[in-house]
Amino acid sequence: MTTLILRRLILAIPTLFIVVSLTFLLMRWAPGNPFSNERKIPPEILAELEKQYDLNGTVTSQYLRYMGKLVHGDLSISTQYRNRTVNDILAQALPVSVLLGGLAYLLALLIGIPLGAYAAVRQDQKADRLAMLAALLGLSVPSFVLAPLLVMLFGVKLHWLPVAGWGSPDQIILPVFCLAIPFAAAIARLTRGSLLDVLNLDFIRTARAKGLPEDEVLYRHALKIAILPLISYSGPALAGILTGSLVIETLFDIPGIGRFFINSVLNRDPMMSAGVVLVFSAFLLFMNLVSDVLISLLDRRVKIE
Amino acid sequence: MKTFHLVLRALRQSRWLAFCACFVVFVVLLAIFGPHLTRYNYAAISDTSLQPPSFAHWFGTDLNGRDLLTRTLYGARMSLLVAALGTFVSLTVGVSYGMISGYAGGRVDSLMMRLVEILYSLPSLILVIILVATLEKPVTTVLQHLWLGSIPPRLVLLVVFIGLTEWLTMARIIRGQTLVLKEQAFIQASAALGQSHARLLFRHLLPNLSGIILVYLTLTIPAIMIDEAFLSFLGLGVQPPQASWGTLIADGAAAINPIQLYWWLLLFPGGMMTVTLLALNFLGDGLRDTLDPRGKK
Amino acid sequence: MNASPASRRRIPAAYILAAWLAGILALALAFFYFFGGWTLSEPADLTICNGDEPQTLDPAIITGQLEGRLALALFEGLTTRNAKGDIVPGMAESWQISPDGLTYTFHLRSDAKWSNGMPLTAYDFLNSWERTLNPATASQYAYQLYYLVNGEAYGTGKLKDFSQVGVKAPDARTLIVTLTHPTAFFLELTSFQTLCPVYLPGIEKYGNNWMKPPNLVSNGPYCLKVWRLNDYILLEANPYYWRKVAFQRIKVLPTSNATTCLNLFSSGKLDLILDKNSVPASLVDKLREKPYFHANPFGGTAFVRYNVKRKPFDDLRVRKALALAIDKEDIVRKITRAGEPVAETLVPPGNKDYIPPLGPKYNPEEARKLLAEAGYPGGKGFPNVQMLYAKRSTPEQVAIELQALWQQELGITSITLRGQEWKVYLNTQSLIDFDLCLSAWVGDYNDPQTFLDMFVTDGGNNLTGWSNPTYDHLLDQSQAIPDPAQRMKLLQEMETILVDQDMPIVPLYYYVGISLYRNEKVAGFEPNFVDDHRWGVLYPPEKKP
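Residue numbers (this note's numbering), protein chains in the order written: chain A, 15 to 319; chain B, -14 to 282; chain C, 7 to 551.
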């Protein structure tokens, strides 16, 4: 176990390093000056601007200076929001995205697990087929198709829910729901599949033969084991939620990290882009580690080499 | 070929599966020939902008007065093209990687899978966004040098980078299967006969992997389609006047307002995409049940 | 047999699981509510949509119009504008101009104060202008102070001694400004944010954090109370401002998506939409009939730039042909839809003393003839060229339409579109790396010079490669002439060269600003040439100040 954790952590550092470097260098190398403006900038002013942002000199020197600051936890300044450090911006935006993503994941579990379990128990009956069709539909409707449709219906036509924004409780409903649906669908299918697998295992049949009621068989023994694939799915699920939040935050005007990231790429803001990539990657690496550790804890039979 | 027969039998057994397969073929045909069959050109502007569906325009028109039906069909062409080519990239990389890793075994395999493990935990689409946004100019220059200037550089970027995001699962599965197949008698025998590695890989291993490749192919295609639409929605897709489903959906979503519901701008491209994805997913499920009953998702 | 405890009614564990997860959900919500990440928005008297998140609030370095609006709500210069857009006294209650037009003497009000109660003096202006001109500040609008004697020398770093620059503060309430040549619009410049004073002790104390609330000290109608990036800004009435403002709290939303703005407006969450980009162009027809729709033409022009150094646009006939083939009525009717007037000249109407030249008119027959003369009859053989435009909804639609129009009228099929994100587009345009470019310009002040001085030889904002020594000479002459009527005539000659004779650009249409607000809620908003609507003069109709 310790070897697993250590190995992952050691691998994480060069991975993050490469990813952040790639982002920074691409952003500086690509055409498009972050200081471009409608009025032509006199060269002295441009030089001064670059000096203020530590973006003067060759790209290599800029890169090295940035890395130097990064090691100390200083994510440098954003070229879009002058006088704001990236640390500042992330401190404001991160909780918003975590809230959105976290709630979406919980909702996905809330919908997906019962749905999948119900389908498994009623295997091959009408209920099963219907549930799985719903899940397939949930996987097939992209979030950027579902969200505008729901906004048209509930926001514009019926006026039940707000169209966009962040700050009042009713503004959370649609974004979280739209973000959660594809993952609820995947979780439902996963739950059904793994539950069916478990229910056919030997020791379950033994328990049934012993006369244990179906309830207890199912929910005491089977579910515990069936949850395992869900835990290993949480890694890709969170990665997907992270990416999905980019579109949801853009559609609903939510001030989360995703929005800032898109703007930073389009506006060629190297520090902001690199900062966000760092946070996203670190978070994902961490969550994958957590889920692998959990699995190895919960099922002592599963070996992770 | 065993796979082919299995597939045909599955299609014969389930009406729905056969229907989906036909539907997908139908969409592909529409994508290839459709834009030429309508009266309108996909880029032709007119004065009748933002008209709801009518006899003249079955799907209505957009802001520039272009016929939405033609544009949706053209969008199908773009989206399916990216999906097909991207899947090809994904397939090539994934299968080769997985086969080599599984075949080599030992430390090489261990190392290669570690790389996959790392890549798996990266927010790949995020990196793709950065790559597509920043590499457009160099790709344009390269294409011009290669006398391929008429190919849209965005298309190349999308195909390559989205393809490179989705090969990981394929690689993992192929490697697993290769490990199993490697131990089988006929492979051992061929190796003993002194056949070259390349021959073993391509003549013996690959055909036996075809079933599983087909299954994951049908899973990769919709994934790539969604990725492309996602990027197009964020503004990184093909340039106007070209269109893909993603750009059309983005236009439709951008048109939502409280005064007038331009519902056709969103419903038709979005609906077509959803239905196509549904058919592909259903087909993928069915194929998986037939060809790989162990691996359920 | 075993007495099965199952004879008790069991709650299916699915429900237990669901309840458990729901509990976690509720807990998570509560957690985030109390620990940030989800803050309930504060209420306000007036909610304005400003179009995007401001990059900065430092008036010395602001370049964008939306940042300017915020800065002018927080800060005030020597002069300011009233609701009609006229220049009226601001921090300076009166001034005198010398007969030769070179010396301005400003007298500051006695009750001029900062929002922390400290008195505002002429030294504040002196030091703030020094800061703006100082190359270390990297202000892109510093050139507005180049009209001062030695302003340019100090701004480019050639002069190190600021006391030689043409601005002096003989005492705490007087500011004397000396210009290099008579500048008719100087009082407009003093109302602009670049020439506003900033509270230097605050900058010294807080460094880079001086703009964050509550550190920001301002002298204008409002103070900064809350600034959450991409979320909202809250302004509160400045108790030390010399006038009473009607709206006590203003919330500013950075919503950039036009349809979202409209949706928020119609659900009552937004009271005022200022920026035309925040109104969906496709709906303008329908919105025009609504009582909350207000159109305000202002001094901005959309035009096409040619790169006259690249074939085929080095040939005047080709430039003229493409210009005459554009049916501009089509564009304003179908694409922009806000009732924009078609533009045959660059300088928009609005200055009563200036008479523009006639400009070329739509003439497809003539266009085809010219194209054939140039060697491309029916568009055959026309080289592959690219039209650059910024990837925003209106320019994109216009570009698509232009491409189609040129194909329709002239048979040219080899024009491709090249859309780029805003910053990338600006960069490409500034490098003149295009064949054609869809551009625009909004005047900084109400005088034709702000449009015409762009196109001098090697001008930083020329960006066409065009050069005409007569044009340059006329500009120099116009700056030396004291008689306004004569000056206007020279400017008219310049514009004739630009749009009639040499045609390095093709004007398309003049900007019409659109604002949405309900007349029962907001008043004090009137159209003006510079599209400068100060928030401090807005009031609810029942509370006219």
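Hints are not guaranteed to be accurate.
Claimed, not checked - Here are the simulated DSS-like pairs of lysine-lysine, each with C-alpha atoms no more than 30 Å apart in a straight line:
#1 C:K375 to C:K334
#2 C:K218 to C:K250
#3 A:K65 to C:K211
#4 C:K315 to C:K218
#5 A:K65 to C:K164
#6 A:K171 to C:K250
#7 B:K122 to C:K218
#8 B:K(-13) to A:K65
#9 C:K315 to B:K122
#10 C:K211 to A:K83
#11 C:K292 to A:K171
#12 B:K122 to C:K174
#13 A:K83 to C:K218
#14 C:K386 to B:K122
#15 C:K218 to A:K65
FYI, nobody ran anything at the bench for these hints, they're computed from the structure.
Quiz item: What hints, given by number in increasing order, does this structure fail?
Solution: 4, 6, 7, 8 and 12
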